[in-house]
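Chains as they are written, first to last, in our numbering: chain A, 12 to 255; chain B, 436 to 772.
For the record, the hints were derived by calculation from the structure and aren't laboratory data. None of the values given here were measured: they were computed from a predicted structure. Hints are not guaranteed to be accurate.
Computed list of lysine to any residue pairs in SDA-like fashion (alpha-carbon distance at most 20 Å, straight line) [what the hints assert, rightly or not]:
#1 B:K543 x A:G114
#2 B:K649 x B:K543
#3 B:K543 x A:P29
#4 B:K543 x A:R23
#5 B:K512 x B:A573
#6 B:K651 x A:G114
Have a look at the derived ranges for each label pair, beta carbon to beta carbon [unchecked claim]:
#7 B:G610 x A:P92: 56 to 62 Å
#8 B:D650 x A:E50: 58 to 64 Å
#9 A:L39 x B:Q752: 41 to 47 Å
#10 A:E50 x B:L508: 34 to 40 Å
#11 A:G56 x B:E631: 31 to 37 Å
#12 B:D734 x A:L103: 40 to 46 Å
#13 A:D25 x B:E631: 33 to 39 Å
Quick reminder that beta carbons are idealized off the backbone N, C-alpha and C, glycines included.
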Amino acid sequence: MAALVAWELAARADMISPLFFPAPSAILATFWRMLIRGELVVATGYTLARLSAGLLLGGALGLVLGLLMGWSSAARALAEPVVAAVHPLPKLALLPLVLILFGIGEQSKVVLIALTAFFPLLINTTAGVRQIDAHTWEVARHYGARGWMLLRRVVWPASLPLVLTGAQLSLNAALVVTVAVELLSAQQGLGATIWLAWQTLRTEEMYATLIVIALVGMLSNLVLVRLEHRLIPRKRKDESDGRA
Amino acid sequence: MVAPDRSRLLKRLCLAVLLVILLAACAPVKPPAAAPEATAKIKVGVQPFIGYAPFFIAQDAGYFARHGIEAELIESKSSDEIVTQLMQGDLDMANFAITPGFFNGVAKGGTAKAVLGGSRWDPNQCAPSGLVALPQQAAQLKDPANWKGIKIGTDPVGLQSMYGLFVAGVLKQQGLTLADIETVRLPPAATIDALESGAINVAQVNEPWLTRVKDKTGAILVVGTPEIAPNGQLTMIGFSPRLLQDSELGKRAAAAFLEAVKQYGEGSANAQNVEIFAKYTKLEPALVKQICWPAMPLDGIANLDSVAAFQAWAVAQGLQDRVLEQSEYWDGRFVGE
Numbered sequence: 012m013a014a015l016v017a018w019e020l021a022a023r024a025d026m027i028s029p030l031f032f033p034a035p036s037a038i039l040a041t042f043w044r045m046l047i048r049g050e051l052v053v054a055t056g057y058t059l060a061r062l063s064a065g066l067l068l069g070g071a072l073g074l075v076l077g078l079l080m081g082w083s084s085a086a087r088a089l090a091e092p093v094v095a096a097v098h099p100l101p102k103l104a105l106l107p108l109v110l111i112l113f114g115i116g117e118q119s120k121v122v123l124i125a126l127t128a129f130f131p132l133l134i135n136t137t138a139g140v141r142q143i144d145a146h147t148w149e150v151a152r153h154y155g156a157r158g159w160m161l162l163r164r165v166v167w168p169a170s171l172p173l174v175l176t177g178a179q180l181s182l183n184a185a186l187v188v189t190v191a192v193e194l195l196s197a198q199q200g201l202g203a204t205i206w207l208a209w210q211t212l213r214t215e216e217m218y219a220t221l222i223v224i225a226l227v228g229m230l231s232n233l234v235l236v237r238l239e240h241r242l243i244p245r246k247r248k249d250e251s252d253g254r255a
Numbered sequence: 436m437v438a439p440d441r442s443r444l445l446k447r448l449c450l451a452v453l454l455v456i457l458l459a460a461c462a463p464v465k466p467p468a469a470a471p472e473a474t475a476k477i478k479v480g481v482q483p484f485i486g487y488a489p490f491f492i493a494q495d496a497g498y499f500a501r502h503g504i505e506a507e508l509i510e511s512k513s514s515d516e517i518v519t520q521l522m523q524g525d526l527d528m529a530n531f532a533i534t535p536g537f538f539n540g541v542a543k544g545g546t547a548k549a550v551l552g553g554s555r556w557d558p559n560q561c562a563p564s565g566l567v568a569l570p571q572q573a574a575q576l577k578d579p580a581n582w583k584g585i586k587i588g589t590d591p592v593g594l595q596s597m598y599g600l601f602v603a604g605v606l607k608q609q610g611l612t613l614a615d616i617e618t619v620r621l622p623p624a625a626t627i628d629a630l631e632s633g634a635i636n637v638a639q640v641n642e643p644w645l646t647r648v649k650d651k652t653g654a655i656l657v658v659g660t661p662e663i664a665p666n667g668q669l670t671m672i673g674f675s676p677r678l679l680q681d682s683e684l685g686k687r688a689a690a691a692f693l694e695a696v697k698q699y700g701e702g703s704a705n706a707q708n709v710e711i712f713a714k715y716t717k718l719e720p721a722l723v724k725q726i727c728w729p730a731m732p733l734d735g736i737a738n739l740d741s742v743a744a745f746q747a748w749a750v751a752q753g754l755q756d757r758v759l760e761q762s763e764y765w766d767g768r769f770v771g772e
């Protein structure tokens with residue numbers, strides 16, 4: 012709060028360039044105007060639609076392949092070199108290739124977001140399954156758990172904390188790439204709004220849109236934390252006891 | 436007491452000094468010899484495009500050095516970046532595309548100004564940019580009815596510059612507006628595939644991509660920018676507050692640039708031009724010879740009527756807050772004779 016007040020005073024006193032650092036009050040006024048006009052709502056809608064589609068596609072594939080790689084050493088041996096090679100590639104660098112493969116429409120944007128969301132969930136899910144100790148596997152099998160039953164009763168609950176951590180990482184990374192892709196090649200969305208604001212040097216609009224992106228990130232993470240508390244009640248208890 | 440010999444000596448000395456002073460006073464007045472210009476460092480914003488060639492020539496052919504300037508060429512990613520760097524004083528001189536960002540920035544107190552004209556769409560010369568389409572599509576576009584709903588691919592900057600005014604002008608001839616078409620921002624390298632796959636109907640391209648796209652796909656120029664906006668001022672040369680205040684240094688920088696423009700005007704017929712431009716852009720010299728070199732005014736005078744027309748269009752599009760007076764964004768002290 013003190014920093015905001017200092018910023019406001021500095022901008023009003025022309026101690027900082029109001030062109031590049033407009034006063035917070037001017038940013039808030041712009042934010043409100045853009046909200047009332049519906050510009051931010053429409054842009055957020057586009058961004059959320061792309062983010063959701065990418066997360067669903069990449070996340071689902073990451074989850075399934077992660078379970079498979081955690082469970083089966085053969086699958087792990089087969090997929091691990093590919094994962095190790097592709098994961099470190101900056102996904103935005105693949106944009107020209109993805110544009111050629113999937114065209115210039117929404118498909119290419121969603122594929123790139125999905126690719127970004129895929130790896131954190133894959134890696135965390137694999138780790139989640141692999142950290143189940145041998146004793147648990149043995150007991151489960153001893154009691155006759157096989158296939159679907161083993162997955163539902165043992166593998167899923169035991170790996171869930173790491174899966175949800177992976178989902179959170181996927182979400183954050185996917186949001187970053189969604190905005191970046193929109194900056195580069197979209198006509199609509201929060202990234203495209205920032206790009207236009209930058210091009211027209213309407214910096215208040217740029218900051219106002221950044222506020223929305225921050226809010227989207229915060230709210231999405233909040234939803235995931237709530238989901239985590241619902242799915243893993245003991246974690247909530249641990250956190251309230253100060254153990255997590 | 437002073438000895439008589441010494442007194443005589445002193446008198447003679449005084450007389451000699453007086454004589455020298457008188458002679459000096461009677462001597463014809465000559466202007467002091469021009470002091471050699473002190474070398475000054477300036478930062479110049481460039482991009483690997485043909486519009487920046489005069490800066491490369493000024494650097495490598497020695498025009499900057501001749502005017503006592505040590506120029507550091509700093510590559511920027513976009514013209515928008517250049518405008519903000521000029522206004523922040525991170526660059527001293529640069530060529531920038533005429534965009535609403537520049538005018539909005541000046542209106543909000545940005546202190547950079549345009550001082551010389553840059554690339555211009557000369558109707559008497561080749562078209563350095565325009566709309567291209569594959570032959571079959573181009574044939575269909577002869578019928579104005581087929582323009583409605585088409586997809587136009589643009590570079591990632593989009594249609595916020597003079598290219599927006601150009602495309603709007605093309606559409607106006609067909610009785611349409613920008614709202615009647617779909618624009619798609621594309622990396623230039625993806626344009627070829629997008630045209631061939633039919634993902635876009637038409638591409639708005641500039642050199643060297645205009646030549647590349649035509650060569651690789653057999654696409655043809657449907658309409659060139661000079662046809663729609665003859666003498667349209669695409670870019671201007673801007674000075675930072677530093678060069679605007681230090682007008683002596685600003686004039687040296689402008690003179691060096693205009694001398695380079697004179698050499699640039701010889702185009703690819705000048706082997707040194709080709710060599711310099713190929714070096715800075717890493718383009719094949721054969722391609723550099725093939726592309727269209729846009730016109731630039733030798734005297735540096737920008738077509739400010741065209742700039743006014745652009746501003747009016749940008750305001751109507753909601754991209755610019757207001758139309759700026761010429762004196763707000765243009766400083767004419769640096770144009771050539």
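Hints, verified against the model:
no. : hint                        : verdict
1   : B:K543 x A:G114             : violated, 40 Å
2   : B:K649 x B:K543             : violated, 42 Å
3   : B:K543 x A:P29              : holds, 8 Å
4   : B:K543 x A:R23              : holds, 13 Å
5   : B:K512 x B:A573             : violated, 32 Å
6   : B:K651 x A:G114             : holds, 19 Å
7   : B:G610 x A:P92: 56 to 62 Å  : holds, 59 Å
8   : B:D650 x A:E50: 58 to 64 Å  : violated, 41 Å
9   : A:L39 x B:Q752: 41 to 47 Å  : violated, 26 Å
10  : A:E50 x B:L508: 34 to 40 Å  : holds, 39 Å
11  : A:G56 x B:E631: 31 to 37 Å  : holds, 32 Å
12  : B:D734 x A:L103: 40 to 46 Å : holds, 44 Å
13  : A:D25 x B:E631: 33 to 39 Å  : violated, 53 Å
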